[in-house]
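The sequence shown: position 15 = 15 (the UniProt record's numbering), numbered continuously.
No wet-lab data here; the hints were simulated from the structure.
Computed from a predicted model, the values in this text were never measured in an experiment.
Check each hint, because a few of them may be wrong.
[Stated by the list, open to error] Straight-line Cα separation of at most 30 Å, DSS-like style, residue types lysine-lysine; simulated pairs:
#1 Lys25 with Lys59
#2 Lys59 with Lys30
#3 Lys94 with Lys25
#4 Lys94 with Lys145
#5 Lys17 with Lys30
#6 Lys131 with Lys154
#7 Lys57 with Lys30
#8 Lys121 with Lys145
#9 Lys94 with Lys131
#10 Lys131 with Lys145
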Amino acid sequence: MAGESDSNILSCANCGKPANLQCPKCMELKLPREGSAFCTQECFKSSWSSHKSVHLKAKLSSSLATGAPGEQNTDSLGEGWLYCTRRGQGRTPKFPHFDWTGTLRPYPISSTRTVPTHIDKPDWADDGIPKVEPNSDLQRIAEIKSPDQIERMKETCRDHRNLDSTAILTTQIIEVG
């Protein structure tokens, strides 16, 4: 591969050696080359049991992004919607690539809307830094309960525990229908 720059050379996803082969299924699914490059066919075969999960996750992500039955189609959300990236520090209009472990997916973030002037804003609304709360006495002083208050709290907890136990027993005894 003469003439290629060092930035185009990828590492094998299995052993880390320089790679010049790419998983054909990853190419078909248009997945990033970084996780689908392999140095030899043997390396590809040896990592297949773990690598094939990338395809399943990509198919799931793409079916959710393209509007599978019962799912929201992200293309129809309209202009101005962005996804959160880099742990909240960035935004992108494209559905982010990630190795999802479940069915939960990010939802696009709408553009910032202004709060009407008749609504009071908290002190942290402009810059995100609270000013009053850190200096509040409630941050440094713990409320000391009287013995009567403590006893009433204990009694309330016992009542709720007994109520929960009764509810559990009732649902086990009574059949629905």
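Going down the list of hints, with the structure as the test:
For the proposed pair Lys25 and Lys59, the alpha carbon gap of about 11 Å is at most 30 Å, so the pair holds. About 11 Å separates the Cα atoms of Lys59 and Lys30, which keeps this hinted pair within 30 Å; it holds. Proximity of Lys94 to Lys25 is assessed by CA-CA distance (about 22 Å); at most 30 Å being required, the pair is judged to hold. Of the pairs offered as hints, the one joining Lys94 and Lys145 is violated, with about 54 Å between alpha carbons and a cut-off of 30 Å exceeded.
The hinted pair formed by Lys17 and Lys30 meets the criterion: a straight-line CA distance of about 23 Å does not exceed 30 Å. For the hint linking Lys131 to Lys154, the alpha-carbon distance of about 36 Å lies beyond 30 Å, and the restraint is violated. As the CA atoms of Lys57 and Lys30 are separated by approximately 13 Å, the hinted pair is consistent with the 30 Å bound. Annotation: proposed proximity of Lys121 to Lys145 is violated, straight-line Cα distance about 33 Å (limit 30 Å).
As the CA atoms of Lys94 and Lys131 are separated by approximately 36 Å, the hinted pair breaks the 30 Å bound. Pair hint Lys131 plus Lys145 holds up; C-alpha atoms about 28 Å apart against a cutoff of 30 Å.
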